[in-house]
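*Asks:* Here's the letter readout for the chains.
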Amino acid sequence: MSTIEQLIRSNMHRPVRKLYIKRRNEDGTFEADWLRIDNYKVNEAGRVKTWGSVSMSIDDYSGKIGAFNVSNLTLTLRNDDGFFNVETDDRSIWFGYLNRKYTKVKIDVGYLDVNGSEVGVETIFEGYVDKATISDQQTSKLQVLSYQTVLKKYEVSDLIMSGGKTINAVIDLIMNQAKITKFIPFIASDVAVNSTITDTSTLKGTYWNILKDLCFKANSVPLVYGSSFQTVDRTVTGSPVWTFFGKGSANSDIFKINSYDDEGADRVRVFWIADSGESAKSVDATLLAKYLDDPETINLDEIDVGDRAAMLNALLAEWENPKPVMEFTTRFLINQVKPLDIVAIDIEGNVVPSNTFVWGAWVWGDGSVWGKNTGAINVGVGSSWKVTKITKNINSWSNKVKLELIP
Amino acid sequence: MSNIKFYEQNIVSSDTAFSLTTALTASAKYLYDENDTTKLTSVASSDTVSEIWDMDFGASYSLTALHLANHNLKDFSIQYWSSSAFVDFSTAINTTTNSGTYGYFEEFTNVTTQKVRITGNKTIVADEQKSVGGLRVMNLIGEMDHNPKKFKLKYQENSKKFYTDAKESVFVLFGTSRKINTNFENLDADNINILQNVKFKGSPIYVYASGGDDTHERRGWRIQDIYLMNYTNAFEPKLSDDALHNGEDIKCIFEGVKPFTS
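First to last, the sequence lines map onto chains A and B. Be aware that the first sequence starts at 1, since it is given in our numbering, and climbs by one per residue. Be aware that the second sequence starts at 1, since it is given in our numbering, and climbs by one per residue.
So here's chain B without its partners, still in its complex pose (with noise of 0.2 angstroms):
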């Protein structure tokens, strides 16, 4: 069971050198552009030919969890370089019979590396191209040791009404972003401390809410919900029922910086 989680933007950005064995390079942007309906896909694979993205970050980072969104690989492997070959994280990240199209892999130990590479072997059905729809490689800020009290989800939205004559609705979708309003109640310094970092990063950050956990269903706490956004309101924290032996509540409010994409 899993906290909310706090990570730092992807390191797979612009700045990454692609080597790609039969995927485009000009779509290798579907991994970081934080629209998983969009995907990175080969283009002349079959179950019986490895296909292998190398991503060079062109510096070193410190990373602690993947997030493999809208996938359709069943039999694959990724791993880090290790200053002189390509090896296994901590724990493992190599399947033969994986069936979710989203997955998520953490807590291996923290590795410094400038390269991630993704082996696809074989798709959940058969012989189909090999496709990503969104690749997060990232480092933890925290994990929270408790869930909010409150957890708002909504779908915000810039538009435009218009009327003709007749009154007949004419609606100008311009974007829809997410925003989540949360209450954390009672948190001792070290929860404390993982706000602070979050709202001070001085960069947009991502919302985990299930923190990896795939038993949720509901919106927001699923698997896939892990969302690139800022926290907007004012950092400040309160008394827990204006008691000095009660710790500190925080309402936090985080806007998506991205646009949302059905």
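So here's chain A without its partners, still in its complex pose (with noise of 0.2 angstroms):
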């Protein structure tokens, strides 16, 4: 049997696409296992028209450092015999549950190897139904919102929290509660640098609003991946779990690069000041003088005043030095590639002339004729690359994926 890297590296993929939904009973409670629609019923066709696309990004948005994101799924499924329809129809799927919105959703994939067995076949995206439309066209679309969106409705004064709370403390209140982890398992916090809160009664906002503020003070990034959520640190550390190869390769991913922001100067913040009144600045002439220093104001009025150093100092760290950034279209890599995961890049164009070396001569002027590489894109594989991005098209089977260079 093949394994997923030899699938996926393959130049001939067959998919495996599967969708899952859970719905909930009359009383509120989920169904206890997972339904596969996709092929509901055994003697009808697939039901899926289009699957959409999914994507998770870190600080995907030039200049506006520490956002992140999930997105949401549109489907397209064939309902020419009603099968989503509204739940008060006898021939809807809902029929005898609850209703269509919050229903769970779950996407699998992976690959068929040569035998047709299923290899590395995955959760890519989990999430629940915003808004179900039927049409005339004999289709339903379905849209479903990734969990991130269940933090988004919740305020975090409805924690009644007072007094001082590390942020760890904090994001756990949120996150373990029943209304929330009926949706996103609970999985104790864990941030970079956990400050405390002096007072958490001047928390306002929705948990997402608190979560993302706090996770950017502490240097860490929320992550909602599938079902699962977590908070890690920003500065990734560790080997290559992938490397992509381009042009000059034999075997080449990458389909095409989208674009190469080679010096990613937009997000270099060399001077950050706290509302406060701290401060912290590079002490690096060169890149004084290349991005100025152009203040990045920060709110740290919340956090405790010996702890406001430290995060300033990580914040500078962290963004002090140009990232250059890349986007390019390769392979559907399942899950073997995921935000924050460092990979490496090889990108080299050939060598013309080719290198030729004149024996005896060692003199200049020898008749040696060393050439330089071709193509305006040429990335060796020595260098890290954080990725930022991933855009999984389920439809087209292909990735679209983001990295920074870690410097």
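Don't take each hint at face value.
[Unchecked claim] Straight-line alpha carbon distances no greater than 20 angstroms define the calculated SDA-like cross-link-like pairs of lysine to any residue that follow:
1) B:160 to A:53
2) A:400 to A:341
3) B:167 to A:375
4) B:29 to A:53
5) A:182 to A:154
Calculated directly from the structure, the hints in this document are not laboratory data.
With the hints as a guide, bring both chains together as one complex.
*Replies:* Below you can see the structure in the form of structure tokens.
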């Protein structure tokens, strides 16, 4: 049997795509098992007309440091028999259940090997139905929101917090509630800089806003993947989990380089100032000359005074160096590569003319010829890149990967 | 010699209740999944023990034919429930010497029944586990009195092509299904009615080009080539040669509702 990496790197792909739902019973609890519906029922044709695409990203927007997003998904399903109609229609798959909204949706994908066996099937998206729209085109459109949107529905004031608490403690209070864990199983928070919030009663906004804000200040990223949620360090370490081969390689992965910012100046911040007056500034004269010392102002009022300097230093270390950014279209990677993973890239054009060496000639002008790499983009495999965004086009079976160079 | 036949959908379905001697009930779906390579298999059987598979359809259905696909039964019988006992069809399906892995049994007198029983006694290679890749219990819509002048079988596919920087091909094959283009000529009223029934049945139908004739070797016409399909073009009878004394010509396009599995 082939491994999933062998199948991804092969040049003949046979995708496995499965769509599941979990409906709510009339008492509001979810049914116990996932129901596969892409082939429902057995004697009928495939249900899914278009699978859509999903993306997961961190720090994706130029100049907007620390943004994080999980996309939603729109599925178009065949509905000529009313399977996806309102629950009061006795032909509907929701007949006898609560309703369509908030039904859980899961997509599993993988590859078929040469024997037709499924390999590497994993969940790449999980969310819930926000809206189902049927049409006279005999289709139903399911708009599926990622679980991160559940966190936008509640205000942090409903926790009635008071006094000082660490960032981890606040995040755990938010995430370890039944109304959240029924969608996102609880995993204890472990941020990089676990500062103390001096007065938690001053926190305002939705759960999601609070999580983003606290994680950003803790040099971490809230990562929603499938149904899992965790806070992970923004500063990643380790060796590459995947090497992408481009021009000049025998078995290339890269279908197309969509963009390449070979400097990455947009997001450089060499000077950080807190509203309360504390600051951290680069000591690298070259960086200061290149990017000026235009300050990035941040509000750290709710952070303990003693923790503010460490937080500003961590932010400076993360953002003072420019990070080239590249985006390309490549093979469908299932979950082999995720946001925050370290990867390598090998894009090297041919050396023209070929390097030649004249034996016995060690003097200037000996006739040896040394070529140069061709092509505008040359990236050696020695550098490490951090994945900041993956867009998985389930329909066309390709991925777009966005990366930034780790300085 | 048979001509092309059309059948209603398989009566064996997810609504069928199965009672199996040793085979796993969870695998019973392999009998009706339209993938003859997946098989329902006994798990503790031999030539000294009969493996009995009872199927209760939950209601009575009219049936005229059975198609047993990709099986290894040498000594077996198939019976229906008469409301008091399992009995033979008018043409009994009962053999001790079968050697073919595809079997087609038809033209037994129409029966209306709620249950069917397969009794497997021995396998073609002695003492193997008894296995069946597909069982189609069907009701005939009609048999044409002559075959189409044109019959073109195509394996249509949903695929995507990508190319790497070095113009290497990466091919994504999402799925393949069958498509048949046919052209029936000079049909009389009875034959036109068959195609009209097929078109307006309101559900997929089986297209069985060989009609059960096991002498053909061409793909699409073999004994095993029975396809669940939709009639997807408009029903458009046209006078043959525009002559009133002739019958009518009808072009039919049938497209498979299940993926092709090799």
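*Asks:* Now tell me if each hint is right for this structure.
*Replies:* Against the structure, the hints:
no., hint, verdict
1, B:160 to A:53, "holds (16 angstroms)"
2, A:400 to A:341, "holds (15 angstroms)"
3, B:167 to A:375, "holds (16 angstroms)"
4, B:29 to A:53, "violated (31 angstroms)"
5, A:182 to A:154, "holds (15 angstroms)"
This entry does not satisfy hint 4, going by the numbered hints stated previously; all others are met.
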